[in-house]
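> Sequence:
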Amino acid sequence: MSSEISIEALLKRRKKGYSLEAPFYTSDEIFKLDMEIIFGRHWLHVGVEPDVAEPGDVMVVDIGKTSVIVMRDDDMELRAYHNVCRHRGARIVLKEKTSVGNLVCSYHQWTYGQDGELLFAEHMGNDFDRKCRNLKKVHIRSVGGLIFICLAEEAPDDIDRMAAAIEPYILPHDLKNCKIAKTVDLIEKGNWKLTMENNRECYHCVGNHPELTIPLFEYGFGFAPDGTNPKRMEHAAKYDALVQSCHTGWEASGFPSREIEHLTDTTGFRAERLPLDGAGEAHTKDTRSASKKLLGSIAERKLGALSFWTQPNSWNHFMSDHIVTFSVFPLGPDRNLLRTRWLVHKDAVEGVDYDLNRLTEVWEATNQQDADLVEISHNGAISPAYEPGPYSPYTEPLVEKFTEWYVGRMAEHLLGKQAAVSVAAE
Numbered sequence: 001m002s003s004e005i006s007i008e009a010l011l012k013r014r015k016k017g018y019s020l021e022a023p024f025y026t027s028d029e030i031f032k033l034d035m036e037i038i039f040g041r042h043w044l045h046v047g048v049e050p051d052v053a054e055p056g057d058v059m060v061v062d063i064g065k066t067s068v069i070v071m072r073d074d075d076m077e078l079r080a081y082h083n084v085c086r087h088r089g090a091r092i093v094l095k096e097k098t099s100v101g102n103l104v105c106s107y108h109q110w111t112y113g114q115d116g117e118l119l120f121a122e123h124m125g126n127d128f129d130r131k132c133r134n135l136k137k138v139h140i141r142s143v144g145g146l147i148f149i150c151l152a153e154e155a156p157d158d159i160d161r162m163a164a165a166i167e168p169y170i171l172p173h174d175l176k177n178c179k180i181a182k183t184v185d186l187i188e189k190g191n192w193k194l195t196m197e198n199n200r201e202c203y204h205c206v207g208n209h210p211e212l213t214i215p216l217f218e219y220g221f222g223f224a225p226d227g228t229n230p231k232r233m234e235h236a237a238k239y240d241a242l243v244q245s246c247h248t249g250w251e252a253s254g255f256p257s258r259e260i261e262h263l264t265d266t267t268g269f270r271a272e273r274l275p276l277d278g279a280g281e282a283h284t285k286d287t288r289s290a291s292k293k294l295l296g297s298i299a300e301r302k303l304g305a306l307s308f309w310t311q312p313n314s315w316n317h318f319m320s321d322h323i324v325t326f327s328v329f330p331l332g333p334d335r336n337l338l339r340t341r342w343l344v345h346k347d348a349v350e351g352v353d354y355d356l357n358r359l360t361e362v363w364e365a366t367n368q369q370d371a372d373l374v375e376i377s378h379n380g381a382i383s384p385a386y387e388p389g390p391y392s393p394y395t396e397p398l399v400e401k402f403t404e405w406y407v408g409r410m411a412e413h414l415l416g417k418q419a420a421v422s423v424a425a426e
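For what it's worth, the UniProt record's numbering labels the leading residue of the sequence shown as 1, then goes sequentially.
Wrong hints could be hidden among the right ones.
As the list claims (entries may be wrong) - Calculated pairs, PhoX-like style, for lysine-lysine (alpha carbon to alpha carbon, straight line, at most 25 Å):
| hint | residue 1 | residue 2 |
| --- | --- | --- |
| 1 | 189 | 137 |
| 2 | 179 | 16 |
| 3 | 32 | 15 |
| 4 | 182 | 15 |
| 5 | 97 | 176 |
| 6 | 97 | 302 |
| 7 | 15 | 65 |
| 8 | 65 | 137 |
| 9 | 32 | 182 |
| 10 | 293 | 231 |
| 11 | 65 | 16 |
| 12 | 179 | 238 |
| 13 | 15 | 97 |
| 14 | 179 | 95 |
| 15 | 176 | 302 |
| 16 | 97 | 16 |
| 17 | 95 | 176 |
| 18 | 346 | 189 |
| 19 | 182 | 285 |
| 20 | 179 | 15 |
| 21 | 65 | 95 |
| 22 | 346 | 16 |
| 23 | 346 | 15 |
| 24 | 136 | 65 |
| 25 | 32 | 136 |
| 26 | 189 | 176 |
I should point out that these hints are in silico values taken from the structure, not numbers from a laboratory.
Since we're looking at a predicted model, the values are computed, not measured.
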């Protein structure tokens, strides 16, 4: 950005309640800083425990240029390592998923134990110290069965607070005893922040998501009480009463439901269980459960949907019969990968207990619709006519929370904590 305004100046002049200036979505230099500061120093949602369900199971996750091995050891503990051989740097695990005894580099057969220790390195001489060549560890943490990693040398410790707050919400769904019914990777042609901003509001839902708005009430994530449509105002009031009634009933049955929101913390998160329309059971076209087998010890199908969001790259929906997880991985300033997993009870049988198309069709359609919106947003951001636009105070306050979190984290690392506080207050 040598010929443009500096990122420091852009951060300092960011206007609250407005979208970011174009370089935040289009600049190669800012994208590199995003990868270093946001994706290099924060906890990232990368998978679920059923991705590595059995001892020796391995999953490879790519975060920009960094490749990470996530594995389950023989003691059923989760471990994570940089996918780089300590000999001459070759990648060790080449498949996205596999199962191993030890980790063996195919180049020269250097062999590592599940604890990352170098066990075998032929032809290195008597003075060679294997202990200096163990795999480099990556921080890893399971939160209720959701896997998070952090690439920084020192990971933010407030993930403990997030786990303590959120696990009572998600543990009843027993994610660890689920299986992955389907995983879909979708390449979106836009900046990763546009994907996250789009997810943080439902202003666009009625006009763009005919499948999702069958089970999902439009009022759940913000509504403008302008009084121009009395019938919609009446429906919104009834929805507010329904939310309060459902929260009271669900919590009395042992399912925490009321909003908990810490989106501007270093490890930012938000959760709330909301009622669904129709039968109120699931994100399906008929609003009924997609699987006959309910999760964990859940006995009540009509539990609505628990939404759990984390900064900077995930959102998740927990229902009585299945779970849908989403994680975003930037590929470039104008491309990102959205990975979606659908999980059902580990004993559920496809074709008997659930139909795969019925399970996935709402979110497969919605993801593609959102990808199209991200693309047109990015195409607008690269136009010389683009300028930051105002967020709706009613339907987009959670978009502002995401942008505030992003600007705050970037400012703290580039300008220092005091300057970051000042930027956030402007």
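> Could you run down the list of hints and mark each one as holding or not?
Hints and how they fare:
1. With a CA separation close to 32 Å, the supplied pair residue 189 and residue 137 exceeds the 25 Å bound.
2. Among the hinted pairs, residue 179 with residue 16 is inconsistent with the structure: their alpha-carbon atoms are about 42 Å apart, more than 25 Å.
3. As the CA atoms of residue 32 and residue 15 are separated by approximately 23 Å, the hinted pair is consistent with the 25 Å bound.
4. With a C-alpha separation of about 41 Å, the suggested pairing of residue 182 with residue 15 is violated against the 25 Å cut-off.
5. Distance check on the hinted pair: residue 97 and residue 176 sit about 18 Å apart at the alpha-carbon level, within 25 Å; holds.
6. For a cut-off of 25 Å, the pair hint linking residue 97 to residue 302 is broken: about 35 Å separates their Cα positions.
7. Restraint check for residue 15 and residue 65: the C-alpha separation of about 32 Å exceeds 25 Å, so the hint is violated.
8. At roughly 16 Å between alpha-carbon atoms, residue 65 and residue 137 fall within 25 Å of each other, so this suggested pair holds.
9. Restraint check for residue 32 and residue 182: not satisfied, since their Cα atoms lie roughly 32 Å apart, outside the 25 Å limit.
10. The straight-line distance between the Cα atoms of residue 293 and residue 231 is roughly 38 Å, outside the 25 Å bound, and the hint therefore fails.
11. At roughly 32 Å between alpha-carbon atoms, residue 65 and residue 16 are farther apart than 25 Å, so this suggested pair is violated.
12. For the hint linking residue 179 to residue 238, the alpha-carbon distance of about 37 Å lies beyond 25 Å, and the restraint is violated.
13. Distance hint between residue 15 and residue 97 is unfulfilled; the C-alpha atoms sit about 44 Å from each other, more than 25 Å.
14. Restraint check for residue 179 and residue 95: the C-alpha separation of about 20 Å stays at or below 25 Å, so the hint holds.
15. Proposed proximity of residue 176 and residue 302 is supported: the alpha carbons are some 22 Å apart, at most 25 Å.
16. The suggested pairing of residue 97 with residue 16 is violated, with an alpha-carbon distance near 43 Å, which exceeds 25 Å.
17. At most 25 Å may separate the alpha-carbon atoms for a hinted pair to count; residue 95 and residue 176 meet this at roughly 23 Å.
18. Straight-line distance between C-alpha atoms of residue 346 and residue 189 comes to about 34 Å, which puts the hinted pair past the 25 Å bound.
19. Our distance criterion of 25 Å between C-alpha atoms is met by residue 182 and residue 285, whose separation comes to about 18 Å.
20. Restraint check for residue 179 and residue 15: the C-alpha separation of about 44 Å exceeds 25 Å, so the hint is violated.
21. Of the supplied pair hints, the one linking residue 65 and residue 95 holds, its CA atoms being roughly 16 Å apart against a limit of 25 Å.
22. Using a Cα cut-off of 25 Å, the hinted pair residue 346 and residue 16 is violated, with the two alpha carbons roughly 45 Å apart.
23. Restraint check: the Cα-Cα separation between residue 346 and residue 15 comes to about 48 Å, which exceeds 25 Å; the hinted pair is violated.
24. The hinted pair formed by residue 136 and residue 65 meets the criterion: a straight-line CA distance of about 15 Å does not exceed 25 Å.
25. Of the pairs offered as hints, the one joining residue 32 and residue 136 holds, with about 23 Å between alpha carbons and a cut-off of 25 Å not exceeded.
26. Simply put, residue 189 and residue 176 have alpha-carbon atoms about 33 Å apart, too far for the 25 Å limit, and the pair is violated.
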